[in-house]
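Asker: Take these sequences, add in the hints, and give me the full structure.
Here's the letter readout for the chains.
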Amino acid sequence: MREGAIFVTIGFLMLAAAGAIAAVTVTSSSTITTSVTPPPVQFAAGAGSTNTRYVGDYSLSTNATSFEGTFKGRAGGDATVKNVTQIRNTMSVSQTVTLSATQVTNPRVTAFTWTVKDASTTIGTLDHKATSPILTFTIPAGMTYTMNERLKVAGGSGNNNGDSADVSATLGLSAS
Amino acid sequence: MKAPGSQSRLRKLASTRPLLAIGLVVVVGVAAAAITLTYTTTTTVTTSVTPPPVQFVAGSDSGPSALTNYVTAYAISTNKTSMTATVKGVPESTLVIGSYLQLQNVDAGAAHSVTLTTPQVSNAYVTAYTLGIYTSGNVLQDTLDLRAASPTVTFSLPASTTYYGKLTLTLATGAGADNVALTNAVTLTTV
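From first to last, the protein sequence lines stand for chains X and B. For what it's worth, numbering that gives the first Met the number 0 labels the leading residue of the first sequence as 0, then goes sequentially. For what it's worth, numbering that gives the first Met the number 0 labels the leading residue of the second sequence as 0, then goes sequentially.
I should point out that these hints are in silico values taken from the structure, not numbers from a laboratory. No residue lacks a Cβ here, since even glycine has one placed at the ideal position from N, Cα and C.
Reference listing, derived: stretches of chain B covered by chain X, where coverage requires no fewer than 3 residues with Cβ under 8 Å from a Cβ of chain X:
{"#": "1", "segment": "47-56"}
{"#": "2", "segment": "78-90"}
{"#": "3", "segment": "173-187"}
Answerer: Have a look at this one:
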């Protein structure tokens, strides 16, 4: 009996020792410093942003990462406003830019696009009528591209006849 | 135990030969005090160092060989127990660093419980600040939310396995170097 008790005691001691080995804890401290850097790709107002016949209330956000505006069409008209807004790469390396937008489903709006231009060369076109509007392109270091807006509205559309062509859409910008 | 009657014989001896009785008591006392055994042994304890089971590895998108305008001064300590880095967010934007850091369990024999803790980030211009912990297969294990009241995350890292951390930082309009300058100590505890 006594020997059995001794063995049990030793067993408990061994288990306690094993537990102590498993409970080894290693602790270290790292440091993350958080700061701010300017946006690498920014919007800028183009000459067309002040074309009040077709563009109203154009404004840039504080850090030029977004813009707002009201773009007016004409019933039965197909208007293109050149250089409404611009995209600038402020970095010393090229950036991959992706523009993504919400779909415009109003049938009275028959065309609504943004065409990115390098002077006279077309870089690409974002189509708001597409199911998932998206446009990806590369902008070289220090380069500025312009964006032309096209809005085509069906004939007979208006704000007072139940065939309004009013739409609200967003345009997202990401850079990497 | 004294034999029965030993005390009475000692009293009798003391009455007849007192000096002899005192001598016997002294001898017995000395004998009792002498039952003291002192061991002096030498045990050798050798102290050395073993690597911590969970170590930092540079993230593929932000390590020293991949520094960008968004991550600067990235460094990992000699024994890979800690890292330092500066993350630069962009106002009005969400910065995502796909592989900001990696945590590697170099212990081939056992999984280890890993806990990351850091003080809360309460800066109003920082609207989101997280470190997602992912497996190499891109499965999210848990997320350290630096804006939480007590940011902490605990997960088990299997033997010989590496997880990576995806950092997401969103800054609000008006954020600038003058109002977003944070330093966070991130504690890594491995059991």
